[in-house]
Amino acid sequence: MIVSNMEIIPGKHIAEHLGLVQGSTVRTKHVGRDILASLKNIFGGELHGYTELLHESREEAVNRMKQQAEAIGANAVLNVRFSTSSVTQGAAELFAYGTAVRME
Amino acid sequence: MADLIVLATLLAFGYFFGRFYEKRHYNSIIKREAKLRHITAVASRIPPLSQTQDAPILVTGSVVISVDYFKRFLASLRTLVGGRVVSYESLLDRARREAILRMKQRADESGANKVFNIKLETASISKNARGNIGSVEVLAYGTAFKPVSQQES
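In the order they appear, the protein sequences are chains A and B.
Under numbering that gives the first Met the number 0, think of the first position of the first sequence as 0, with each following residue one higher.
Under numbering that gives the first Met the number 0, think of the first position of the second sequence as 0, with each following residue one higher.
Please note that the accuracy of each hint is not assured.
Heads up, simulated BS3-like pairs for lysine-lysine below, C-alpha to C-alpha not over 30 Å straight-line [unchecked claim]: (1) B:30 <-> A:11; (2) B:113 <-> B:145; (3) B:22 <-> A:11; (4) B:113 <-> B:30; (5) B:34 <-> B:22; (6) B:34 <-> B:113; (7) B:30 <-> B:118; (8) B:34 <-> A:65; (9) A:11 <-> A:65; (10) B:145 <-> A:65; (11) B:34 <-> B:118; (12) B:34 <-> B:145; (13) B:145 <-> B:30; (14) A:65 <-> B:30; (15) B:118 <-> B:145; (16) B:22 <-> B:145; (17) A:11 <-> B:113.
Listing some non-contacts, in silico: residues in chain A with all C-beta distances to chain B over 12 Å [claimed, not checked]: (18) 18; (19) 24; (20) 43; (21) 47; (22) 58; (23) 70; (24) 71; (25) 76.
Calculated directly from the structure, the hints in this document are not laboratory data.
Ideal placement from N, C-alpha and C gives every residue a C-beta, glycine not left out.
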């Protein structure tokens, strides 16, 4: 399965458009991480806990999108975009969407 | 009086640690940028036709980074008079460069040497009690092309 944020892939021909596919996940870290994060707000610097959290959840969102694409018989997802929104304090929604296509 | 002492301590901690972390971070960014310079990263939407045989992969890099207490205090003072908020400018600069570096790193690990159609996404993920932006998340993503010869070997 090809996943790309390009609209066209050189050397490949799009045989069929299968519509929009999407995947999303809402995640939060445990309180300990939040306390560490609020300490980091005093000293400054990278919040590793959150970076890790967002990275994992984004992979999850992409995987869900891929599953959806596979279910409708696509072999590639093009023009993939990411979007993030904070639902409540400490929880984030990660969202990935793209166009499912069948390529030759 | 006790409140003032706490505030002064927080400001001092923020000032010294914040400066130290920022300096260390900039040094590491400059070093890694030089190391990853061989990877071409462009925002062009259409790849050159010479890439036809290569396999595309989505590469991402993200970072969540926070300002220190002193800089946030400065920024809240700045809102009274208006103008450039220099303390947040350096935060965002660091975050973007770090995200792009991580994306390039991932492209490098998978054997690619070119990244196209780079998009940058910025989100403030946590807010402190006063509603100021405390930390930002920057995500960089793009399509890397893996040369076929390396893919087969």
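Are the Cα positions of residue 34 of chain B and residue 113 of chain B separated by 30 Å at most?
-> holds (15 Å)
Consistency of the no-contact label for residue 76 of chain A, given chain B and a CB cut of 12 Å | With a cut-off of 12 Å, residue 76 of chain A comes too close to chain B, as the shortest Cβ separation is near 9 Å.
Examine each Cβ of chain B, and state whether all of them lie more than 12 Å from the Cβ of residue 58 of chain A.
-> About 9 Å separates residue 58 of chain A from the closest Cβ of chain B, which leaves it inside 12 Å; violated.
Hey, does residue 71 of chain A actually stay past 12 Å from chain B on C-beta?
-> holds (19 Å)
Is residue 22 of chain B close enough to residue 145 of chain B, meaning Cα to Cα at most 30 Å?
-> violated (35 Å)
May I ask you to check that residue 70 of chain A keeps its beta-carbon over 12 Å from the closest beta-carbon of chain B?
-> Nearest chain B Cβ is 20 Å from residue 70 of chain A, so the label holds.
Taking 30 Å as the top limit, are the C-alpha atoms of residue 34 of chain B and residue 145 of chain B close enough?
-> At roughly 19 Å apart (the allowed maximum being 30 Å), residue 145 of chain B and residue 34 of chain B satisfy the hint.
Pairwise hint evaluation, residue 11 of chain A against residue 30 of chain B, where the allowed Cα distance is 30 Å at most | Between residue 30 of chain B and residue 11 of chain A the Cα gap is close to 38 Å, so the pair fails against 30 Å, i.e. violated.
Hint consistency between residue 34 of chain B and residue 65 of chain A [alpha-carbon to alpha-carbon, up to 30 Å] | violated (33 Å)
Take the C-alpha atoms of residue 113 of chain B and residue 30 of chain B, compute the straight-line distance between them, and say whether it is at most 30 Å.
-> holds (20 Å)
Is the hinted pair residue 11 of chain A and residue 65 of chain A satisfied, with a Cα-Cα distance of at most 30 Å?
-> holds (19 Å)
In terms of Cβ atoms, is chain B entirely out of 12 Å range of residue 43 of chain A?
-> violated (3 Å)
In summary, the structure is inconsistent with hints 1, 3, 8, 14, 16, 20, 21, 22 and 25 from the numbered list given earlier, while agreeing with the others.
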